[in-house]
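Colleague: Here are the chains, one letter per residue:
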Amino acid sequence: MALRLPHAGLIAVLVVVIVFTALRADSFTTSQNLLNVLRQISVNAVIAGGLTLLMTAGGMDFSMGSNAAVTTAVAAQMLSGGHSTAVTVVVALLLAAVVGLVNGLVVTFTNVAPFVATLATAMLLDGVALLVLNGMSVTIGDKMQALGNSTVAGVPWLLVVAALVLVLIGLVMRFTTFGRDAFAMGGNEHVARLSGINVPARKLALYALAGALAGLAGLMLLSRLGASAPNTAGLQTQLTAVAAVVIGGTSLAGGRGTVAGTALGVVLLGVVANALNLLQVNSNYQLVVTGAVLLVAAVINGFQRKGSTP
Amino acid sequence: MALRLPHAGLIAVLVVVIVFTALRADSFTTSQNLLNVLRQISVNAVIAGGLTLLMTAGGMDFSMGSNAAVTTAVAAQMLSGGHSTAVTVVVALLLAAVVGLVNGLVVTFTNVAPFVATLATAMLLDGVALLVLNGMSVTIGDKMQALGNSTVAGVPWLLVVAALVLVLIGLVMRFTTFGRDAFAMGGNEHVARLSGINVPARKLALYALAGALAGLAGLMLLSRLGASAPNTAGLQTQLTAVAAVVIGGTSLAGGRGTVAGTALGVVLLGVVANALNLLQVNSNYQLVVTGAVLLVAAVINGFQRKGSTP
Amino acid sequence: MSGPVVRVRGVTKTFGGAAALRDVDLDLHPGEVHALMGMNGAGKSTLVQILSGVHQADRGTVEVDGHAQPGLTVRRARRLGIASVPQRRELAAGLTVAENIMLGDLPRRHGVVTWSAVNSEAEQALSGLGIDIDVRRAAGELTVAEQTMVEVAREVRRGGRVLVLDEPTACLSAEAAAQIRGLVRRLRDDGVAVVYISHYIDEVMGIADRITVLRDGGVVRSAPAAEFDAASLVRGMVGRDVVSARPERPAPTDEPGISVRALSHGRAIRGFSVDVRRGEVVAVLGPAGDAQSSLFDLLSGRVAPDAGQLSVGGVEVPFGKVSASLAGGLRCVTGDRRTLGLVPELSVDENLMLAQDRLERRSWHRGRDLARRAAPLRRRYGVVALAGNPAVGTLSGGNQQKVLLAKWLQTAPVACFLEDPTNGVDIAAMAEIHALVDELAGRGVAVLLASSSAEEVVRLADRVVVVSAGRVVAQRSVAEVSQDGLVSLAVGGGGS
Amino acid sequence: AQDADTSADSGGSKKGSVSLGFVNGANTHFHTCLQKAVEQTAKKEDAKVYTANSKQDAGTELSNIEDMISRNVDALIVQTVNVDALDGDIAKAKAAGIPIYLTSVSTDKISDILGAAVVDLTEVGQMDADWIAKDAGSKSVKVGVVAGAPGAASDLLVGGFTKRLPATAKVVANQPGMFNPAKAQDVAENMIQAHPDLDYAFVANEEMAFAVRKAFDAAGAKNVKIVSVNGSEDGIAAIKDGRLQATVSNSALTIGQTAVKQSVDLLADKKVDKVSKVPLTLITRDTVDQAPQYCPE
Ligand SMILES: Nc1ncnc2c1ncn2[C@@H]1O[C@H](COP(=O)(O)OP(=O)(O)OP(=O)(O)O)[C@@H](O)[C@H]1O
Ligand SMILES: Nc1ncnc2c1ncn2[C@@H]1O[C@H](COP(=O)(O)OP(=O)(O)OP(=O)(O)O)[C@@H](O)[C@H]1O
Ligand SMILES: [Mg+2]
Ligand SMILES: [Mg+2]
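Protein sequence lines correspond, in order, to chains F, Z, Y and W. Here the working numbering = 1-based position in the first sequence + 18. Here the working numbering = 1-based position in the second sequence + 18. Here the working numbering = 1-based position in the third sequence + 46. Here the working numbering = 1-based position in the fourth sequence + 12.
Heads up, none of these hints are tricks.
One-sided and incomplete, this derived list gives chain Z residues near chain W with beta-carbon spacing under 7 Å:
#1 SER45
#2 GLN50
#3 ASN54
#4 MET154
#5 SER155
#6 THR157
#7 GLY244
#8 ALA245
#9 PRO248
#10 ASN295
#11 LEU296
#12 SER301
Worth flagging that the hints you see were computed from the coordinates, not collected in a lab. Heads up, the beta-carbon is just placed ideally off N, CA and C, and yes, glycines get one too.
Take the sequences, apply the hints, and build the full model.
Modeller: Set out below in C-alpha cells:
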C-alpha cells in the first residue's frame with residue numbers, strides 16, 4: 019500500500035491527455051494557455067476543496083454551487099449599489115457561511131440525509147439568486163477587477179487564492195484535530211461521538227466552512243465575469259465540483275479523501291475542457307469525451323483500489 | 019411502528035399544498051386539471067419508479083434522464099426517417115436497456131461507485147443525444163400521437179402506462195424474490211451473496227431494467243412533445259426524479275424503499291409546479307417555493323423516522 | 047472501602063412501549079469488578095449504555111460521586127471518568143489503529159498533530175497490555191478479536207475511574223481472553239471500578255468481586271461473588287437449571303464429509319489440511335482471528351485461496367464461488383454476524399428464510415406463507431423478539447445469533463463450518479445451540495468448528511486439530527485432553 | 013490589413029487568410045444553425061474558423077474566449093450566453109488585442125468592439141404584438157405568454173410584446189417555459205386550464221410553441237392563435253398548416269453570414285458599418301413565401 023502511487027489512474031489519464039494535446043496543438047503548452055487553464059479551474063477548485071473536507075466527514079453539500087450563485091448576486095447588487103468592496107466581501111462571505119450553517123443545522127438536528135436536504139436548498143438558493151437579481155443581470159464595472167484579472171509575479175490572483183485554499187485544507191486535514199475529527203466522523207460517526215468528539219458542533223463548523231468557501235468561489239466568479247447574471251453558477255457548477263472530488267478518490271460515504279486527489283480531479287476536468295477547445299473537437303463531442311474521460315479515470319482508480327481494500 | 023402512518027410528512031405537506039391551492043384557484047380541482055397534473059408527472063414517475071427499485075438494491079443511476087434524452091433523439095430520428103412506430107419503439111427500448119446494462123457492467127465489474135460511474139455516463143449520453151440530433155430539433159409529425167395525447171375512458175394513456183409501471187414495480191418489490199433480493203442486496207451485499215443470491219446477475223438485470231424504463235420515459239416524452247430538441251430531458255430531469263425518490267423515503271444507501279413513497283414524491287413535485295402556475299406565482303419565486311416544500315417534507319419525514327430507527 | 051463512585055437508583059428504560067429495564071439499582075465501588083449477568087435481552091447493555099450516556103433513563107437517577115447526573119451525555123460521562131467498550135465493536139474504519147486509539151485526544155504541539163507521538167503513544171498503550179498489533183494498520187483490516195483489543199487499549203489509555211466492558215471476551219481466543227482478564231485485575235488493583243459483562247460463568251466466577259443478575263430488565267439479585275455458586279447464578283439468570291452435558295452421539299460414519307487439502311492463503315493459512323467424516327465434529331483450535339475468519343471466507347466461496355482443494359461429501363467443490371459451495375451442501379456460519387450474517391433492515395422471518403428460499407429457487411414471496419414456514423424455526427431455535435416480526439437488527443445480539451444459525455442449519459447441509467456459533471449468546475441459548483449441533487452431527491452432518499472457547503470445544507468436538515502459523519501442528523481426540531490441556535495445547539502450539 | 017502572419021499557430025490556415033474564433037452560446041437548434049452558417053460562410057470567405065461552445069454558462073464563455081486568445085485568432089465572433097457578462101469578455105479580448113464581433117446583441121461601448129449583427133428582441137416582441145392587434149381588431153381579447161428562461165433575452169422579448177399590445181388585449185397569464193419544450197407544455201396545459209377562454213398565446217421560441225400547440229389542441233382549444241419567434245423550417249411549415257399563426261424570422265443563416273462577412277471586411281479595413289441590424293420579417297400564412305432561409309443546408 020505504501021509503495022502504490024496514490025491516484026495512479028488519474029495521473030495516467032491526465033498524462034495521456036496532456037501528451038496527446040501537446041503533440042496535436044502547439045498553443046497548448048504556451049505558458050499563457052497553461053495559466054488560462056489554471057485560472058479557469060480556480061473557482062471550481064475552491065468549491066471542490068471545501069466539499070472534499072465535508073465529504074470526508076461523511077457530509078454532502080449539493081448546494082454549494084447555488085450558494086455561490088446567491089453570493090455572486092448579492093455581491094453584485096451591493097457593489098453596483100455603491101457599497102465598498104471590503105464591506106461587500108465581508109457581508110458576502112458571512113452570508114454564505116450562514117447559508118452553509120443552515121444546511122448544517124438541518125442535517126445535524128433533523129434526520130434528513132445530507133444529499134436530500136442540500137438538494138432542496140440548492141433549488142431554493144437558485145431561486146433566491148434569481149430574486150436577488152430580479153431576473154436581470156447586474157454589472158459591477160471595474161470593481162474587483164484586480165482579483166479576477168490581474169496577476170502577481172505572473173500568476174493570476176485567482177490561482178493564488180485557489181492554491182492557498184487547497185493547501186490550507188490539505189494541512190487542516192492532515193495536521194489538525196479538526197481535520198482528523200472529520201475523518202473519524204466520516205469513518206464512523208458513532209465512534210467519533212463515543213470518543214468525546216463534539217460531533218454536532220463539528221458538523222456545524224464544517225457546513226459553515228463549506229458555505230464560506232462557496233461564497234469565496236462566488237466572489238471569485240464575480241470578479242472574473244464582472245457581472246452577475248441569472249443562471250451563473252448553480253447546480254451545473256456543483257456537479258462539476260462533485261465530479262472532481264469523487265474522481266479524486268474521496269468517498270461518497272465519508273472517511274476517505276485527499277485534497278491532492280481533488281486537485282488532480284479539478285485539473286483533469288480543466289485540461290480536458292481546454293484540450294477539447296484547442297483540438298477543435300465538435301462541441302457535440304465534447305460532452306461525450308468529457309464523460310468518457312471521467313469514466314476511464316474512475317475505472318482505473320477503481321481497479322487500483324480493488325487491490326488494496328476489498 | 020405498525021401504527022405509524024408511513025410517509026406522514028409527505029402526505030401532510032401534500033394535503034396542505036392541495037387545500038391551499040384549491041381555496042385560491044378554482045380551476046385547480048377541476049377533473050381536467052387533475053388529469054393534467056397526472057399526465058405531466060407520468061414521465062417522471064416512470065424514471066423515479068425504476069430508480070426506486072435500483073436504489074433499494076443499493077444502486078444508483080444518475081444517467082436515466084440522459085438515457086431518456088438519447089432514446090428520445092434516436093426514436094425521433096427513426097420516426098422522421100420513415101421507420102414504423104413498432105420498430106422504433108422496440109429498437110429504442112432495447113437501446114436504452116443496453117445503455118443501462120453498460121452502466122451495470124461498469125458498476126458490477128469495476129470498483130467505481132454507482133453515483134460516479136453514472137454521473138460520467140450521464141455527461142456522455144447528453145453528448146450522444148446532441149450528436150444523434152446533430153444539434154437540431156427533429157419533429158415526428160403525427161406519429162405516436164395517441165400515446166401522448168389520447169385518453170382511454172377519460173384517462174390519458176401516459177398516465178395509464180405510468181401507473182402500470184409503478185404498480186408492477188411495487189408488486190415486484192413486495193411479492194417476488196427478485197424484489198426481495200433487491201432489499202437484501204441494498205441492506206447488506208455480502209450477506210446477499212453468501213445467501214446464494216447471484217448478486218452480479220441481479221445487478222445487471224436491475225441496471226438494464228432501469229435503462230429500459232428510462233427508454234420508456236423517453237418515448238413517453240417524445241409522444242407528448244411530438245419532437246425531440248437538444249437539451250430535452252437530461253440531468254435536470256434526473257434531478258427531479260432523484261428528488262422524488264429520496265423524498266419518498268428510499269434510502270440513498272440502499273435497503274429501504276417503497277414505490278408508494280416515490281409516487282407521493284412525484285405527485286408532490288407535480289402538484290407544486292401546477293399550483294405555482296395556477297396561482298400565477300412570479301417565476302422567480304417558483305424555485306424557492308419548490309425547494310422549500312421539498313425541504314419541509316424531508317424534515318417532517320426525518321423527524322418521523324427518528325422515532326422508529328436510530 | 048469508600049462509598050460508591052457510581053450509584054444507580056430506580057432506573058427504568060422503555061423502547062417503543064416495551065420495558066428493557068425496570069427499577070434497577072446498581073452501585074459501583076472503586077477497586078471492584080462488578081459483573082452483570084443475564085440472558086440475552088435481559089437489559090445488560092442497556093444499563094451500561096445509560097451509565098455511559100448513550101441512552102437516557104426514562105425514570106430513576108444516576109449519581110457520580112454523590113452528584114445526580116440528569117441528562118448524562120456521552121461527552122459528559124467521559125469527562126466524569128466513565129470509559130466504555132461497547133458490545134458492538136466499532137472503530138473508524140478508514141483510520142489507522144494508532145489514530146483510533148488516540149481519537150479525541152490526539153497529541154498536538156502548537157495545535158498541530160504530531161504524528162510520531164500519535165504512533166508511539168498508541169504503541170505504548172498496546173504494548174502496555176501485551177498486545178502485538180501494528181499501529182499503522184488500517185482499522186478496517188482488523189479481525190473482531192483485534193478490534194476488541196484496540197478498543198480496550200483505547201479506553202484503558204484514556205483512563206477513568208469507571209471502565210465498562212460489554213462482553214469483551216466474546217469470540218476472543220483463550221489466550222487473548224486471559225490477557226484481558228489479567229488487565230482487568232490490574233486495573234481493579236489500581237482502584238478502577240470495572241463493570242464486566244460476560245456470558246461465561248467460569249470467567250465471571252473467576253474475576254468478579256460482585257455480581258448483579260438481571261432478568262427481564264429487573265435485578266434478580268446483587269451480592270458479593272463469593273455468595274454465588276455456578277448453579278445458583280444460572281438459576282438466577284434463567285429461572286431454572288441448565289444442563290449442557292455432552293450426550294451420547296452415534297459414532298461418526300466412514301463417509302467423507304469435508305476434506306480440505308493443502309489450503310494456503312496469505313500468511314494466515316499455509317498448507318492447511320483436515321478431514322471431517324459425516325457425523326463427526328472437528329474443532330480447529332489455534333490463534334483466533336485471522337485464520338478463523340479466513341477459513342470462513344475460503345470455505346464459503348467468498349474469497350478464492352492461493353492454493354488448495356476442497357471436497358464435500360466426496361465430491362470436488364471448486365473454491366471461490368459461493369454458489370458452488372452451497373450446491374456442494376456446505377453451509378458456513380460466520381462469526382461476524384453484523385457484516386457477513388444478517389441483513390439488519392429485513393425482518394426476522396425474512397432473514398431466517400433468506401438462504402432457504404434462494405436454494406429452493408422460489409420466485410414468489412408472500413408474508414403469510416413466510417411467517418408460516420418461519421414459525422417452527424423460531425420455536426426450535428428459541429428466537430425471541432419483543433413483538434411480532436421486527437427488523438432483525440433490533441433483536442438483542444444473542445437472538446440475532448440464533449437467527450443466523452437457524453438460517454443456515456435448517457437447510458439440510460451435508461457439512462457445515464461453524465465459526466464461534468455461540469458468540470454472545472446466553473447460557474441457556476448456548477446449551478440449546480450445543481444441543482442443535484449435537485443433533486446436526488447425529489443426523490450425519492460433518493461439522494467443522496472454529497471456536498475461541500475451549501469449554502465449547504470440549505463440549506462439542508470429537509477431535510481437535512491444533513493450528514499454528516497457518517498449518518496443522520497436532521491432532522487429538524477430545525477424549526485424550528482436558529479443557530486446561532486444550533488451552534495449553536492451543537497456546538503451546540503457537541510456540542512450537 | 014491586419015497582419016495574418018501573427019496567427020502562427022492557426023495550423024492549416026492558408027497564408028494570407030484570416031482566422032476567426034467563434035464562441036457559441038448553447039446547443040439549441042438556433043445555435044446549431046448559427047454555427048453552420050458561420051462555418052460555411054467562413055469557407056466561402058477563405059477564413060479559418062475555430063469554434064467553441066459555452067453551454068449556457070457565462071464562466072465557460074470567458075474560458076472559451078481565453079482559449080481563443082491563446083491560439084491568437086484575428087477576431088472573435090461571440091454569440092453570448094448573457095449580455096451583461098460581456099463586459100469582462102470584451103475587456104479580456106481588448107487587452108489581448110483581439111477584436112470581438114457580437115451576434116444577436118450589442119453593447120453600449122461600440123468603440124470597444126469590432127462590430128455587431130444585432131437582433132432587436134424588443135422589436136421582435138413588438139411585431140408579434142402588432143400582428144395580434146391587427147388580427148383582433150377592436151375586440152377585447154385574452155393573451156397568454158409562455159416566456160423563456162429568466163434573463164435578458166426573454167425579458168426583452170416579452171417586454172416588447174406586452175408593452176406594445178393594445179389596451180383591448182389583456183395578458184391574463186405569464187409563465188416561464190425555460191426554453192424547454194417539455195416545461196412549456198406543462199405550463200400551457202395549466203394555462204389553458206385556468207383560462208379556457210384564451211384567444212392568443214405568445215411563445216418565446218418555436219420549439220416551445222409546437223409543444224404549446226399540442227397542449228392547447230389536447231385541451232380542445234384548437235382556436236387559440238399562437239405567435240412566436242424564429243422562422244425555422246419547422247416553424248414555417250407550422251404556419252402553412254395553421255398550427256402557428258405568426259412568427260418573426262430572425263434567420264440564423266443571415267446572422268451567421270453577416271457576422272463572418274462583416275468581420276472579414278472590418279479586419280480588412282473596408283468601409284462598412286460596424287453595427288448591422290438583422291432584418292426581421294413577420295411571417296404569416298399570407299407571407300410564407302417571403303420567409304428567409306433560417307438554417308444552412
Ligand atoms: N434502542 C432500542 N430500541 C428498541 N429496543 C431496544 C433498544 N435497545 C434495546 N432494546 C431491547 O431491550 C432489550 C434489552 O436489550 P439489551 O441489549 O440491554 O440486552 P442484553 O442484556 O445486553 O442482551 P445480550 O446478552 O444479547 O447482549 C432487548 O429486548 C432489546 O431488543
Ligand atoms: N431500533 C432498535 N430497536 C430495537 N432494539 C434495538 C434497536 N437498536 C438497537 N437495539 C438493541 O439495542 C441493544 C444494544 O445494542 P448493541 O449495539 O450494544 O448490541 P448488540 O445488538 O447486541 O450488538 P452485536 O449484535 O454486535 O452483539 C441490542 O440489544 C440491540 O438489539
Ligand atoms: Mg448486550
Ligand atoms: Mg448482544
